[in-house]
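Asker: Letter by letter, the chains look like this.
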Amino acid sequence: MGRLRTIAAKLRHVFAGPLRERDFDEEARAHIALLAERFTRQGMTPEAARNEARRQFGNATCLKETRHEMQTFAWIERLWQDLRHGARLLRMNPVFSAVAIASLALGIGANTAIFQLLDTVRLRTLPVRNPHELAQIKIVGGNKGMGVNNQYGDLTRPMWEELRQRQQAFSGIFAWGVNGDSVGSGSQLENVNGFYVTGNLFQVLGVPAWRGRLVIPEDEHACPATTAVVSYAYWQTRMGGRELDPNTKLLIDGQLMQVTGVTPPTFLGLVVGDRFDIVLPFCEPKELARNVFDVTVMGRLRPGVSLPGATAELAALSPGIMAATEITGYNADTVARYRRLRLAAYAAGAGVSSLREEYNSSLWLLLGVTGLVLLIACANLANLILARASAREREFGVRLALGASRGRLLGQLFAESALLAAAGAGAGIGIAQLVSRALVWSISTESNTVLLPMAVDWRVLAFAAAITTLTCLVFGAIPALRAAGLQPLSALRSGGRGMTASRERFSLQRSLVVTQIAVSLVLLVGALLFVRSFHNLMTFNPGMREEGVTAAFIGFQQSNIPRGRYLQFEQQLVDEVHAVPGVLSAATTTNPPLVGGSWTHGIRIGTAQGAWTKFTWVGPEYFSTMGIPVVRGRGLSPSDTTDSARVAVVNETFVRQYTGGANPIGMAMQTGQEPGYPSTVYTIVGVIPDSKYACLRCGTPPMTFAPASQFPALHPWTAILIHSNLPPEVIASRVKRRLAEKHPEMAAQLNSFQAMIRDGLVRDRLMATLSGLFGLLAALLAMAGLYGVVSYMAARRRNEIGIRIALGAGRSQVIGMVMREAAWMVAAGVVAGTVLALLAGRAAETLLFDLKPYDVPTLAAAGGLLTGIAVLASFLPARRASRLDPMQALRCD
Amino acid sequence: MSKEETKGQKKADILQGTLDLMVLKTLDALGPLHGYGIARRIEQISDSVLQLNEGTVYTALLRLEQQGWIKSEWGASENNRRARFYSISPSGRKQLARETQEWERMAGVIGRLLQVRR
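Chains A and B, in that order, are what the protein sequence lines are. Residues in the first sequence are numbered from -5 upward in steps of one, following our numbering. Residues in the second sequence are numbered from 23 upward in steps of one, following our numbering.
Chain A extracted, bound-state conformation (with noise of 0.2 Å):
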């Protein structure tokens, strides 16, 4: 109550203050006058009066100074002061402002950027109402590769179907789905990415038309659709942002569609990372497919519908909707573990994403690692401010000998502390946008463009703003409280004149220099093992040509080719793209190795239980192109025909597990029946080695090569693998043109092989680039204060060192002295560094190819690395002490 009052008190004071201030003046006068009076009446003489009358009074200016207190918000004022006085002394120390200014800005750049990234992929919601109560249907546990996958697809159309009809969890359920589309034709075709909706998604995920209107469920008929929704980028920079009308139409895989509306430029589909171009209304053909997997299906929870509620149903549902939904073509084994899938419900709220998870352990990682990065920039602070400090002890105990109170000097600690802080903050910031867009950059691929919306939102700000505060706290708090505990007259007794610095007094910074070290050999052990394991991946040797090699996709669906036909118009490209000069060699495939694909088909042979085999059927001369030897019996050939007996070359693998090691050359191997793909003998031919099937990191399973003549299940697309030692981008362009001539209206699309591969280990690149700069940042980090501890002992032991040398220590002899000093700290801190790196190695292990965290050469190398710029470091204030003149060291004080 009464600090209320005082507080309203002090509000009124602030408009009437100065006229209040010049009443006192005149009541104090009066006052005075009327004393000096009284005392004349008793017999002083006037000047006597006056004095007496003063005296009395008390001392004014000391009055005034105690109302201005009461009448003022005096702490602000004062921390006015600090901060001016705090701002006044960082421009006279450029170089510690700089420095200091500069590790917190890097530290807190990064952690911003690393944590708006992980936000954008991880933590974000998405655009659309309520988006907490979104929920996804999966099969537990996956459906382990059973039928045909599409990316995003959990679940086959039949099944979507069946839940549709039959759940009662959800309010509104919605599936869709993504595939590459084309608009347009012939040379002026163009790929796009295509999200196949249901027509009650938008109205369920709550999101409105930007132009015209979004799918509707009468947009679902039967096939094929007629109407399309494009989405604002795509409206905006392919159509010109035009209004729609009736007339708006674009072709869209060869169909002729009426485009209905417009999608908001806020949202950007459920898959975060990706971005479509068009929205197409889920449309019903004659007969669903019933093994392929390639919806998604999510819905909107009821009020008062827990997940766990949402899955209790499915589950309950799952055998009916498996039972009626039941994959056909495929052996006994197949359906009784396709009806043995269950269904369950989970958070959907952040959309789905691959991103996420790829990125997922990668992006926690570099937040810990950058979150080093400022705990040594902090570090590194609370030393350089801790020497400044003990430097500015002179000038604290003059302060204190002059009444400053030990809160006032903290009070200008902690304000000093605070303007790095808001100054390191706000560079951090600047600094941010930038990695966090060269983040986004650089996990981009040629094929694969990420559009991350990467605004600065307000949880990056609290993040920055909380780190920048614990920084504050951390490092402002060490040298104030000691620098409050001094005592004044001992200060300023040995203002620099200390024999030898007490050792209690560096106990503080060597622990901090120790620890920096241990961190930064963390850092840099971990910036190894991932720059390693990329230039392992980089170098490795899959097993197959990777250089001078060109990958061909063609679509020819538009050009009228009968089924029957597929085979002779693949052979008759094959042999067009032969007579582009510089190619060396070429051949269909059903599945190019190393860029994801994989084709899988159960197999009976011999007595091996439960055999399968990766299945590729390729062209006559795809050994050759990709440089894979045959160790044994003979490779495909032209001679293997649709007619012909069928053949299979199988790898190492494929003998070791299944035949025992013994000779495979004609035995015979049975697939399974699926759909598309009936039951065949296929008798081997043929043994080539291993090679990497997948993905790199992929170990190497069972595989099989076919006749592409023999494959069964023909479509009017195929990949053509060019093998030329010609630059890749020529001989794309030249293969490229010359189909163009001859089939205009057929899509190709070129790329280097190498390049599609390297853009697979986008993850990896990220690491290593990151990890790289940032162990480079925490040892400068760690050596800048490793300098200035080192320096500012060497300074503090000034007669010390004047003394030996005076009394004949050599040059030499000083500078061990002082180097003495930083190698057990270098040793402390690369003894606990690696203890660190082997426990923390443990974090990095999945993500590491060919190499193992507890690698001896790459702790060996840290280490090294480190203790040798350790030795610079330590060298420099070294070499300086030793070339002290005694006279002048013995006398300045």
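Treat the hints loosely; a few may be bogus.
Said to hold, decoys possible - Cross-link-like lysine to aspartate or glutamate pairs, in silico, EDC-like; alpha carbons within 16 Å at most:
(1) Lys4/A to Glu87/B
(2) Lys116/B to Glu87/B
(3) Lys93/B to Asp17/A
(4) Lys4/A to Glu71/A
(5) Lys730/A to Glu570/A
(6) Lys132/A to Glu307/A
As the list claims (entries may be wrong) - Simulated restraints, written as ranges between beta carbons of each label pair:
(7) Gly133/B to Ser505/A: 51 to 61 Å
(8) Gly97/B to His79/A: 41 to 51 Å
(9) Leu5/A to Asp50/B: 21 to 31 Å
(10) Ser111/B to Leu5/A: 11 to 21 Å
(11) Leu5/A to Gly97/B: 18 to 28 Å
(12) Leu5/A to Arg104/B: 19 to 29 Å
(13) Ala129/B to Ser505/A: 52 to 62 Å
(14) His79/A to Ala129/B: 45 to 55 Å
Just so you know, these hints were derived from the structure itself, not from any lab. By construction, the Cβ of each residue, glycine as well, lies at the ideal position given by its N, Cα and C atoms.
Please build the complex by placing chain B on the supplied structure of chain A, with the hints as guidance.
Answerer: Relative to the frame of chain A, chain B by itself:
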């Protein structure tokens, strides 16, 4: 510095926090007064025993005014000088009653304590 011998009598420092009470009581008993008048009254009542830097009266007045216990306005003093007159407010009277009671209770406790023998 604060100790001074006059008329062979030792002057006492004012007990912390009691000046506010004295000023309040003075204004209650004598009605509107200026600072000089308050100082004279305290001097008279205490029989010059209290050592008072008279300027501190104004600090007490400011404190009381900030709490809303007294009001002030300009007026003419007895010898026709301009002077600021302070008067107690209703909430000041209540505060005075509270403080008086508290003071008496405290004084009683201390008095009893000092009277106890063995």
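Asker: Indicate, hint by hint, whether the structure satisfies it.
Answerer: Results for each hint:
no.	hint	verdict
1	Lys4/A to Glu87/B	holds (11 Å)
2	Lys116/B to Glu87/B	holds (15 Å)
3	Lys93/B to Asp17/A	holds (14 Å)
4	Lys4/A to Glu71/A	holds (14 Å)
5	Lys730/A to Glu570/A	holds (11 Å)
6	Lys132/A to Glu307/A	holds (13 Å)
7	Gly133/B to Ser505/A: 51 to 61 Å	holds (60 Å)
8	Gly97/B to His79/A: 41 to 51 Å	holds (45 Å)
9	Leu5/A to Asp50/B: 21 to 31 Å	holds (28 Å)
10	Ser111/B to Leu5/A: 11 to 21 Å	holds (19 Å)
11	Leu5/A to Gly97/B: 18 to 28 Å	holds (27 Å)
12	Leu5/A to Arg104/B: 19 to 29 Å	holds (28 Å)
13	Ala129/B to Ser505/A: 52 to 62 Å	holds (58 Å)
14	His79/A to Ala129/B: 45 to 55 Å	holds (48 Å)
Going through the hint list in order, the structure satisfies each hint without exception.
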